[in-house]
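Following the hints, put chain B in place on chain A, whose structure we already have.
There are 2 protein chains.
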Amino acid sequence: MNASESFSGSNVLITGGLGFIGSNLARELVARGAHVTLVDSLIPEYGGNLFNIDDIEGHIRVNISDVRDEYSFRHLIQGQDYLFNLAGQTSHLDSMENPYSDLEINCRAQLSILEVCRRYQPNIKIVFASTRQIYGKPDYLPVDEKHLLRPVDVNGINKMAGEWYHILYNNVYDIRSCALRLTNTYGPRMRIKDARQTFLGVWIRLLAEGKPFDVWEGHQLRDFSFVSDVVDAMLLAAVREEANGQVFNLGGEPAISLKDLAELLVKVAAGGSYVLRSFPGERKRIDIGDYYANFEKIRTTLGWEPRVTLEQGLHRTVEFYRHHLHHYL
Amino acid sequence: MNASESFSGSNVLITGGLGFIGSNLARELVARGAHVTLVDSLIPEYGGNLFNIDDIEGHIRVNISDVRDEYSFRHLIQGQDYLFNLAGQTSHLDSMENPYSDLEINCRAQLSILEVCRRYQPNIKIVFASTRQIYGKPDYLPVDEKHLLRPVDVNGINKMAGEWYHILYNNVYDIRSCALRLTNTYGPRMRIKDARQTFLGVWIRLLAEGKPFDVWEGHQLRDFSFVSDVVDAMLLAAVREEANGQVFNLGGEPAISLKDLAELLVKVAAGGSYVLRSFPGERKRIDIGDYYANFEKIRTTLGWEPRVTLEQGLHRTVEFYRHHLHHYL
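Quick note, the sequences are listed as chains A and B, same order.
No gaps in the numbering here: position 168 of the first sequence is 168 in this note's numbering, and each next residue is one more.
No gaps in the numbering here: position 250 of the second sequence is 250 in this note's numbering, and each next residue is one more.
Hints should not be assumed to be uniformly reliable.
Since the list can't tell identical chains apart, any single copy or any two copies may satisfy a pair.
To be verified - Lysine-lysine pairs mimicking DSS-like chemistry, simulated, CA-CA at most 27 Å apart:
hint : residue 1 : residue 2
1    : Lys146    : Lys267
2    : Lys297    : Lys137
3    : Lys267    : Lys297
4    : Lys211    : Lys146
5    : Lys259    : Lys146
6    : Lys284    : Lys137
7    : Lys211    : Lys297
8    : Lys284    : Lys211
9    : Lys297    : Lys146
10   : Lys146    : Lys284
By construction, these hints were calculated from the structure, which means they are not laboratory data.
Here the structure is a predicted model, which is why all the values come from computation and not from measurement.
Only chain A is shown next, with the shape it has when bound in the complex (with noise of 0.2 Å):
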C-alpha cells in the first residue's frame, strides 16, 4: 500500500488504543515511525489489556482516560494530525442491560469528540470504527452501503448515530472524518475473556483451555476480516482525501457458515471440539440471521482488500493465544 511512509514523523492519536484493533494499530504506526498516543479508559468489561502494548511500551504514549471526558480529550488531542477514533462499548447484551452507559460512549462521547476536534484541532483527519451491526437483519446478501440501517439492538442505534456524527462533522464543518463499517474482525490481542467482542474469542480461549466450544444454530453465514487487514484500511483510509466522508464497508471472503467455521478452527488448532447448540427464544429476536458484506466500494475507491485468509488468520490468532493465554483471562 502507498500509505506505507506517510505516517513517519505524523502525531497520531488513537481512542480505544490498549484494545485489540487499536493495539494492532498502534504496533504498526510505531514501525511506520509515527508518534503515537493510545487513550483508554480500561474499563474492566471493554477490550483494553496492558500486555496489547508489553512489545511497544516503550515507543508509545498511554494516557488513561475515558472518551466521556471531554477536559481530558481537549488537551490530548491538540498537535495531533490523525485520530483513529476506535473506543466504543461493542457488547449487545450490555447495551440492553445498561442503555444509557452505551448512549453516553457510543454517541455522546463522539459528539464530543467532534466538538473538540472542530475547536482545537480542526485540521485533523479522523477514521471512526464503525460496524456491520448497525445494518440489522439484511434485506439482502452481499450487504453493501445503499442497504438500509436498521440496528436491532441499543448498540447498534447508538453506533448508528456515532458514525453519522462523523459524516456530518465532515460536510458541515470539514474536520475531515470517514468510517469504517467493520464485520467481525479477529485476531491476536482480542478479548477471550467473554463474548462481549466476538463470539470467536470465546471458542479460541475454550480451544486453547482444551473444552469444548458452543456453537450457536451454526447455519449463519458470516464473513471475518483478520486484525492486520483491519489496520491496512484503517491506515489507507487515513492518508487518502477521497475517503473524506464516505462510510465504507469491510469484509471477508469467503463468507462462511459458523459450523465450517467451527470445523476449520479445529483443524487449524489440529484438536479441539465444539457442540452445537440452538438459541434460546430471547437470543433468537434479535439475531440477524446471514450476514456477509460487499466491499467493492472501499476495493475501488481506497484499492483496499484483504490478504489474509481465513485459515492463515485462525492459525496466527491460535498461536498468539497458545503463548499467551494467561494474559487474557
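What follows is chain B alone, placed relative to chain A:
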C-alpha cells in the same frame, strides 16, 4: 376514520402537549372523550404555548415538566393507555449550536421514556413524531420509507436515533410503538415567532403584521401537511395494531415550489408580499433541494390520506393568526 370511538374513556399522555401538534391532538382527543394529560416544559424557544389550550383547559390535565426528567415521567406514565410522544427540539440551527441539548432531548430522553414505559407501563401504545428531515438530501422523488437516512444536521441524527429506539423497543420488548415521519406541518397554533418550527410560521406572522416575507431561493419543491391531517394519522396509528414497529411517511399533495406557495399564500390572504432571496453560503451547505414524500405505505396500511387542501389549510391558518396574533408573538 374508524378510530373515532376508540379513545372514549381512555387515558392519554402527550409529550410536547402544549405545542403546535400536541395541542391540536389534545383538542381532538378531548372531543372523543379521552382523559388527556399534557406534558410540556415550556422552554421558550420551543413550541409550547398556554394559549394553545385556552379553549380546552378545563378538560385536560397539564403537567409542566421536561422529558429529560425521568422521575416525573415515571409517575405520569402510570395508568396511561396511549402515549403520543411529540416533545422534541426541532430547530436545525439550534441543534448545531447546542448539539448536547439536542442530544439530551431528541435522543437520550427518548431512550429514557421507553425504558420507563418498559418498566412501569408495558401495555402502553406509543406514537412517535419523527421527521422527514432524517432523510437528508433525496436520491429520488417522491421519497418512500426505503430511502436511506442521511441526516444533514445534529437534529436529524438524534431524531433518527430517537425513532429507532421506538422501533427497537417494539421489536425486542413488545412495547407497541410506531413512528410517523412528518413533513412540513402547518396550521393554527404553530410557532410563528421564528423559523424554529417551520419557515411558514414566519411568513404568516409577517403577512399578518403587514410586512413582506422572505422566500429563500424559491424553486425548491416541498409538501405540506395541515395539522388536522397529522392528528388523523396519529390517532389511526395509535389504534391500529398493523402500525406497531412501523415507520410511515406523511405527505401532502401536490408538491409545490416555495415561490408558488408564497403566491398561493398571498392569494389566500388577499394581500401581502414577499421578496425572493438567495441562500447565504453556510445555509446552502445543508440545503436538501427538493423534497416530497411518497405516503403510499400509510395509505395502504392504515387508510390515511390528507383531507385538507393546501388552499383550505392556508386559509384556516391565516384566519387563526388574524384573530390570535398577539398570543404568538
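Hint check:
Taking the shortest alpha-carbon separations for Lys146 and Lys267, neither the intra-copy value of 37 Å nor the inter-copy value of 43 Å comes in at or below 27 Å. For the homomeric pair Lys297 and Lys137, the shortest alpha-carbon distances inside one copy (21 Å) and between copies (21 Å) are both at most 27 Å. Neither within a single protomer nor between protomers do Lys267 and Lys297 lie at most 27 Å apart by alpha-carbon distance, with minima of 33 Å and 51 Å respectively. When the C-alpha separation of Lys211 and Lys146 is checked against a cutoff of 27 Å, the pair qualifies neither within a copy, at 42 Å, nor between copies, at 46 Å.
In this assembly of identical chains, Lys259 and Lys146 lie within 27 Å of each other by CA distance neither inside one copy nor across copies; the values are 29 Å within and 33 Å between. Taking CA atoms no more than 27 Å apart as the test, Lys284 paired with Lys137 passes inside one copy only; the shortest distance there is 12 Å, against 36 Å between copies. Within a single copy, Lys211 and Lys297 get their C-alpha atoms no closer than 40 Å, and across copies no closer than 52 Å, so neither meets the 27 Å cut-off. For the identical chains of this complex, Lys284 and Lys211 are intra-copy neighbours only, at 25 Å inside a copy versus 61 Å across copies, given an alpha-carbon limit of 27 Å.
Taking CA atoms no more than 27 Å apart as the test, Lys297 paired with Lys146 passes in both settings, with 11 Å inside one copy and 21 Å between copies. With identical chains, the CA atoms of Lys146 and Lys284 are at most 27 Å apart both within one copy (26 Å) and between copies (25 Å).
Checked against the numbered hints given earlier, the structure breaks hints 1, 3, 4, 5 and 7 and satisfies all the rest.
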